[in-house]
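Undergrad: One line per chain: the protein sequences are A and B, in this order.
Under our numbering, think of the first position of the first sequence as 20, with each following residue one higher.
Under our numbering, think of the first position of the second sequence as 144, with each following residue one higher.
These aren't lab readings, by the way, just hints derived from the structure by calculation.
Keep in mind that a hint or two might mislead.
Residues of chain A placed beyond 10 Å of chain B at every Cβ, according to the derived structure [to be verified]:
hint	residue
1	30
2	44
3	59
4	77
5	82
6	104
7	146
8	150
9	171
10	177
11	188
12	204
13	228
14	244
15	253
Going by beta-carbon spacing under 10 Å, a handful of chain B positions derived as facing chain A [said to hold, decoys possible]:
hint	residue
16	155
17	157
18	303
19	318
By construction, the Cβ of each residue, glycine as well, lies at the ideal position given by its N, Cα and C atoms.
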Amino acid sequence: MSAVIRAEGLVKTYGRDLRAIAGVSLSVAPGEFVAVLGPSGAGKTTLFRCLTGLTRPDAGAVLMHGRDLCRLDGRALRTARREIALIFQQFNLIRRLTALQNVLAGRLAVVPTWRVLSRQFPAADRALASRCLERVGMLERAEARADQLSGGQQQRVAIARALAQEAAVILADEPVASLDPDSAATVLQTLRSIAGSGVAVIASLHQVHLAMAYADRIVALRDGRVLQDAPVAEIDARAIEQIYGSRGEAA
Amino acid sequence: MRRTPAARLRFAAVVLLVAAFYATSWQLAQVSPAKLMTGLPKMASWARKAWPPATDELPVLLRRAAETVAMAAIGTTAAALLALPVCALAARNVTPSMAVYYPVRWFLNALRGIDSFVFALLFVAAVGLGPFAGVLGVALHTWGSTAKLWAEAIENVPPGPLEAAAATGASRVKVLGFALLPDVGPSMVSVVLFWWEFNVRASTVLGVVGAGGIGQELKNSMDLLDFPRLLTIILIILAMVTVIDQLSQSLRRRLE
Numbered sequence: 020m021s022a023v024i025r026a027e028g029l030v031k032t033y034g035r036d037l038r039a040i041a042g043v044s045l046s047v048a049p050g051e052f053v054a055v056l057g058p059s060g061a062g063k064t065t066l067f068r069c070l071t072g073l074t075r076p077d078a079g080a081v082l083m084h085g086r087d088l089c090r091l092d093g094r095a096l097r098t099a100r101r102e103i104a105l106i107f108q109q110f111n112l113i114r115r116l117t118a119l120q121n122v123l124a125g126r127l128a129v130v131p132t133w134r135v136l137s138r139q140f141p142a143a144d145r146a147l148a149s150r151c152l153e154r155v156g157m158l159e160r161a162e163a164r165a166d167q168l169s170g171g172q173q174q175r176v177a178i179a180r181a182l183a184q185e186a187a188v189i190l191a192d193e194p195v196a197s198l199d200p201d202s203a204a205t206v207l208q209t210l211r212s213i214a215g216s217g218v219a220v221i222a223s224l225h226q227v228h229l230a231m232a233y234a235d236r237i238v239a240l241r242d243g244r245v246l247q248d249a250p251v252a253e254i255d256a257r258a259i260e261q262i263y264g265s266r267g268e269a270a
Numbered sequence: 144m145r146r147t148p149a150a151r152l153r154f155a156a157v158v159l160l161v162a163a164f165y166a167t168s169w170q171l172a173q174v175s176p177a178k179l180m181t182g183l184p185k186m187a188s189w190a191r192k193a194w195p196p197a198t199d200e201l202p203v204l205l206r207r208a209a210e211t212v213a214m215a216a217i218g219t220t221a222a223a224l225l226a227l228p229v230c231a232l233a234a235r236n237v238t239p240s241m242a243v244y245y246p247v248r249w250f251l252n253a254l255r256g257i258d259s260f261v262f263a264l265l266f267v268a269a270v271g272l273g274p275f276a277g278v279l280g281v282a283l284h285t286w287g288s289t290a291k292l293w294a295e296a297i298e299n300v301p302p303g304p305l306e307a308a309a310a311t312g313a314s315r316v317k318v319l320g321f322a323l324l325p326d327v328g329p330s331m332v333s334v335v336l337f338w339w340e341f342n343v344r345a346s347t348v349l350g351v352v353g354a355g356g357i358g359q360e361l362k363n364s365m366d367l368l369d370f371p372r373l374l375t376i377i378l379i380i381l382a383m384v385t386v387i388d389q390l391s392q393s394l395r396r397r398l399e
């Protein structure tokens, strides 16, 4: 299957010799759920920032629809970003708005400015936002204010926001690191089913067993390089555990 | 607690400096308890002459008080409208560039640094006597103060939600209007109410420089030594300020 997003030889060095990533390549197909694993400092965050165009790599390219995101700026970069939806560790919902309004934030790029400022979203967008909330099992709380929801519920609303963006790629940076085990399972199950509908999902995770349980493929990073990149069935879990174990960091 | 000799020396130096500061200030401020002692009986006799307060001019005085409230309201509203576009430029986290941020901050600090009283003095010379000069004075000073407080409210907003909205590919105006405004809106309204309340109090003295309102009547009565009328004016000011304070505070409490 052809890739929807492809990173080629990404290199990013901070300061004189702190090399965050040193030649990372990665390609993800529609419908695939890829988990990026690695101890802190392995380069996960830098890789994700490069994939979204937030950080410009020193070398390499991020290709989407034949265009290199790393060479875009201004309006062109904004347009390209519509195709990549982000999910954050801290959810990043607008606390005083309702769950539904937060999901509508996923439509900001395509709705006219006056409608955004007056909060008069078109009926079609409102219906889409409701469907997205339904898919993550949060439709009943549509009118609840974001700051009244639990962490797991907030993350599900954030996933609905990403869905409402109708992006080809969803990037989730440590989506379950701040959640309890039950909420984490629900969130990963939701991401799993979204990938099943044809979206490419890339999530960085801390726990190997969660990656093994929910992802199709695992990309293990260490010291800014790809250590392993293989379907879950072919992954040697013990070899992966080692990249954490050798640093004394329990997975 | 035992002090080292160095600490003791430092303590003595600080005490000496503070004492010198107050001695100099006392001199500069020409504080004279003797003058106060001779002045007090004079004021007591005024107070006796002031009772009962004059009521014959009540309609005129109430109109003047309304003028003061109106000056504060128009001036504060104009200031808020002017502050709206500027505050985003003066907030570190959303300003388009530091090359805009610094000049805007300097400009706002200059407006803030000059009191509305001083502005009103200038405007009385420029546009003539009357409440309009007061409105302009209030508007300029409040513009700087409001924009600065709003910018600070914006700077305290957590960056995550803004980043998330921007990541959808939305333009800057949409991000600010949709993700920022709901967060800072209530505190922005609260700031405006505070300044309205403050400006009603401040506007009572604007009349002294000829910029309209109840202050002008205050000055006239003082110049004519018409104490019953002066007392009426002071009572009107007290009532007006109390009502506005209560109203503004109850509105602000409802915003939280």
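Undergrad: For every hint, state whether the structure bears it out.
TA: Hints, one by one, checked against the model:
1. 30: Its Cβ never comes within 10 Å of chain B, the nearest being 23 Å, so this holds.
2. 44: holds (23 Å)
3. 59: Correct as stated: the minimum Cβ-Cβ distance to chain B is 19 Å, above 10 Å.
4. 77: Given a closest Cβ separation of 22 Å, the condition holds.
5. 82: holds (18 Å)
6. 104: Non-interface label on residue 104/A violated, nearest chain B Cβ at 7 Å vs cutoff 10 Å.
7. 146: At about 18 Å from chain B, residue 146/A clears the 10 Å cut-off, so the statement holds.
8. 150: holds (18 Å)
9. 171: Correct as stated: the minimum Cβ-Cβ distance to chain B is 17 Å, above 10 Å.
10. 177: About 8 Å separates residue 177/A from the closest Cβ of chain B, which leaves it inside 10 Å; violated.
11. 188: holds (12 Å)
12. 204: holds (24 Å)
13. 228: holds (28 Å)
14. 244: Holds, since 27 Å exceeds 10 Å.
15. 253: holds (33 Å)
16. 155: Interface hint status for residue 155/B: violated (48 Å vs cutoff 10 Å).
17. 157: Since the shortest Cβ distance to chain A is 43 Å, the answer is violated.
18. 303: Check passed: Cβ of residue 303/B comes within 4 Å of chain A, closer than 10 Å.
19. 318: holds (7 Å)
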